[in-house]
Each structure stands twice: as C-alpha cells, then as structure tokens.
Amino acid sequence: MSDQMKNALLEYTTRLGDDAVVLGHRISEWVSYGPFLEEDIAYGNVALDYIGRARMFYTYAAELADDGRDEDDFAYMRNDREYHNLLLLELPKGDFAYSQVRQLFADVYYTLMLPQLLQSKDERLAAIAAKAIKETKYHLRRSRDWVLRLGEGTDESHRRAQKALDQLWGYTHELFDMDETEQLLADADIGVDVSKLRDDWLAMVTEIVTNATLSVPEDSWAVRGGRIGYHTENLGHMLTEMQIVHRSHPGCKW
Amino acid sequence: MNEISLMAEEHYQRLQQRNADDVKVLWDLLDAVKDPEVPALSIWDLGILRDIQCNGDQIVIIITPTYSGCPAMDNIRTDVIQCLNDNGYADVTVNMSLSPAWSSEWMSPEGRTKLRQYGIAPPEDAELDADGLTPDAHAACPHCGSRNTHRVSEFGSTACKALFQCDDCGEPFDYFKKI
Ligand SMILES: [Zn+2]
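Protein sequences, first through last, are from chains A and B.
Reading the first sequence from the start, the letters are residues 129 to 382 in the working numbering.
Reading the second sequence from the start, the letters are residues 15 to 193 in the working numbering.
No lab work stands behind these hints, which were simulated from the structure alone.
Each hint should be verified, as a subset may be incorrect.
In silico lysine-lysine, DSSO-like type, Cα no more than 30 Å apart, as pairs [to be verified]:
id : chain 1 : residue 1 : chain 2 : residue 2
1  : A       : K324      : A       : K262
2  : B       : K48       : A       : K265
3  : A       : K265      : B       : K128
4  : B       : K48       : A       : K381
5  : A       : K291      : A       : K221
Derived DEER-like restraints, expressed as beta-carbon distance ranges [claimed, not checked]:
id : chain 1 : residue 1 : chain 2 : residue 2 : range
6  : A       : K324      : B       : G70       : 28 to 36 Å
7  : B       : Q179      : A       : V159      : 30 to 38 Å
8  : B       : H157      : A       : D273      : 25 to 33 Å
9  : B       : V166      : A       : Q247      : 36 to 44 Å
10 : B       : G70       : A       : D307      : 46 to 54 Å
11 : A       : Q247      : B       : A144      : 19 to 27 Å
12 : B       : E185      : A       : D307      : 49 to 57 Å
13 : A       : P163      : B       : Q131      : 31 to 39 Å
14 : A       : W349      : B       : L29       : 58 to 66 Å
15 : B       : E141      : A       : Q132      : 48 to 56 Å
Quick caveat, the model's predicted, so the values are computed rather than measured.
Think of the CB as a built atom: it goes at the ideal place given N, C-alpha and C, for glycine as much as any other residue.
All chains, please: the whole structure from these sequences, using the hints.
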C-alpha cells in the first residue's frame, strides 16, 4: 500500500471514530435526563453502541498510525481542530425532539452507509461495519418511531419536531460530501462513496417525515467544515467535558 | 446421505471445534468464566469464546463482543486470564476478534435453558417482526410461560436485551434480542 493510501486510510478511520465518539457522547448526555426510565436506558444503550464503535475505529487507527498512541489518545488527547467529525453530530443535545430528529438523520445515513462499508476491501473496516449494521437496525426503528410519535403527537411535540427539522437540515448536506481522501479510498473500494447515498437518504427521510405529518425543509443553507476540523463552538465545549478527567490524571488506571 | 441435524448448524460447528481441539482441557476450564451481566451463562454458553490457540506454553484466547460497546468485555478478559493463571497456565493472552460478528445463534442449547431459568427469555422465545427485529408483543414469559406479554422497551438493562412485561403473571422480564 502506498504512503498516500496509508495516510488516507488512517484519516478515514479516524473520521469514522470521531463521528462515533462525538455522537455517542451527545447521546450519553441524556442519561438520567430521559423522559422516563425505559427511554433513559435506551439512550444509554445506544450511546454505548456508538462508544464501542468509536473504540473499534480508534484501535484500528492507532495500529495504522503505529506511533505509540492508543485508542484513548485518539479520543482524549486531540483538540477540536484535530477532530474531523460531521458537524451534525456535535450539536448540543437540545430538547428531546431535536435529539431524535438528529438521530433519525444519522440512523438513516448509517443504514445506507454501513452495508457499503461492509463491502470494503479493508477487512477491518468491513468487520466493524458487520457489527454496527446489526445495532443500527434497532437504532433506526427507535428514532423512526419517536419521530412519528412526536409529529403526530400534541401540538407542542409537532411544533418542536418541525423546529428541529428546520434547524438541523442545513447540517445534513455535509454527510454526503466527498474530498480527495475519501475519493481515493472509494476508488480503491476501501471507503464508501457517500455522495451516492444522498438520493436514497432523502427518499427514506422524506417518507418518515411525511408520515409523521411533518414537512421536509427546503435546501436553503448548508454548513460544512467538520471534515477539515472547522467546527461549531459546541465541539470545544463538549471535548472539554469529555476529556477533562483523562487529561487531569494522565496515565491513571483503576 | 441426507443428514438431519438436531441442533443449530452454528452450534454444531462450535461443538466440533471444541471436542476436536488438542486443548479440550482449556475449553473445559473456561466454562468457569461467566458473563458478569448474566452470571448464569459461561462465555462458552454465550458464544463469546471463539477459539483457543496454543504454542508451547503460550496460550492465546480469542473472544468476541456481543455488542460493540459491551462493557463486560474488559472484565471477561481479566477473568479468563485469572482462571487460567489459577490453573497453572502463566502465559495467557486474550485477543478480541470482530469478524465474524457475534450472533445470538451461537448461544448453546444449555445456555438457552439456563437463561430461561434465570428469568430471561432467550431469542427463540419470541417470533420476530417483519424486519427481523424484536416484536412488540408475545415473547414467552420465562416465569409462567404465557405468551400474553408486551414489550415495554426496545432496550433493556443491557444492550443485548429488551424489556417485556407479562400480562398474566404481571412480572417484568428481559428478552435476549436476536442479532
Ligand atoms: Zn408471566
């Protein structure tokens, strides 16, 4: 494998790890704030799935980097500019509708993206995808059911769900962006060409949102930058909280 | 000849592997290692224990997680090493394998029975819905056997379980999801 390809694979694996840890952390912020006990537990479970996914990607990234870092260094010792996650995933948890709409966007995305990653010529990426696919099926059913329930629920739940759709829509375009790194890997059948997923994603989301008596927003604005480390201010705040224990007690074990 | 199997193919293969192994004694010893979340089940019963490799005195144990974020894996790793150390095997490494991804089909028949006795309905005690996921009702209650039950939550006390309640005996119970 050429150095260029190796670097691209490291970057790609790190990005996927960043996406997983950032969303996993955001979901975990609901633990003990869920609307009722079972939902609280469900959030905890989904967060764990994502954190586990992040560990698998970071462990692989650490092996690729081969510079003495481990999975924890990837998660806890990098600053916001070094995080290359999708912006959608770093936004604060907001209210319940906001989190569920974001989750729906992510779950539909992974429902389409993971089966492609499963075909990767890179065995490790394919193996991680194989594990994650099974979990995402359950995630999607939950977020879809909640969006339906919120849309068809009370005036207030409907209003909040629609507001979440409107506020988050501009962040979904970035999900389907390709850059040189990802194109190189997609051409080599290692990475996924996410630009090809957009039509299916839109169709699935539109169907669910319409069934929920909500409306799909217009494409009037788009925010981009996560993949090159340009973030909203929220990520820095999140990482501060996520990393403080690790950084305050370097090398601590229990 | 037409072979008629009386057990799941996945489990049959695992049994063949275990019985044919030169180090069957190690497989037997590791039956003492239980899943900390479901102490009724050994890591063999759950299908987490995948392989044992021996190279002289060096022993490598291959395990696989049930779910990506399964918090029990670190514990299990420690318990495996402890168990073999206690039995005189000093050089033990535990490796995590991701592929093939764990399937609830790998659970042993004894494991399924133990699960039920422990108060958790095993995967086959519910008929899956059209998407192949946990249904919203009718998982068999492990306490009274009734099918008159409903799902309370898709996600139970751990990632591998959903929460049900029996409408006959009134007891809540965990259902071990099929994946
Ligand atoms: Zn009952």
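Results of checking the hints against the structure:
Taken as a hint, the K324 (chain A) and K262 (chain A) pair is honoured in the structure, with Cα atoms around 22 Å apart against an allowance of 30 Å. Between K48 (chain B) and K265 (chain A) the CA atoms are separated by roughly 28 Å; this keeps the pair inside 30 Å, and the hint holds. Pair hint K265 (chain A) plus K128 (chain B) holds up; C-alpha atoms about 28 Å apart against a cutoff of 30 Å. The straight-line distance between the Cα atoms of K48 (chain B) and K381 (chain A) is roughly 24 Å, inside the 30 Å bound, and the hint therefore holds.
A C-alpha spacing of about 14 Å is found between K291 (chain A) and K221 (chain A), which places the hinted pair at or below 30 Å, so the restraint holds. For K324 (chain A) and G70 (chain B), the Cβ-Cβ distance of about 51 Å falls outside the hinted range of 28 to 36 Å, so the restraint is violated. Between Q179 (chain B) and V159 (chain A) the Cβ separation comes to about 23 Å, which falls outside the hinted range of 30 to 38 Å. Checking the proposed 25 to 33 Å range against H157 (chain B) and D273 (chain A) shows it holds: the Cβ atoms sit about 28 Å from each other.
For V166 (chain B) and Q247 (chain A), the hinted distance range of 36 to 44 Å is satisfied, since their beta carbons lie about 37 Å from each other. Taken as a hint, the range 46 to 54 Å holds for the pair G70 (chain B) and D307 (chain A), whose Cβ atoms sit roughly 49 Å apart. Checked against the hint of 19 to 27 Å, the pair Q247 (chain A) and A144 (chain B) passes, with Cβ atoms roughly 25 Å apart. For the pair E185 (chain B) and D307 (chain A), the supplied restraint of 49 to 57 Å holds, since their beta-carbon distance comes to about 54 Å.
Evaluation of the 31 to 39 Å hint for P163 (chain A) and Q131 (chain B) yields a pass: the beta carbon distance comes to about 34 Å. Between W349 (chain A) and L29 (chain B) the C-beta distance comes to about 59 Å, which sits within the given range of 58 to 66 Å. Checking the proposed 48 to 56 Å range against E141 (chain B) and Q132 (chain A) shows it holds: the Cβ atoms sit about 51 Å from each other.
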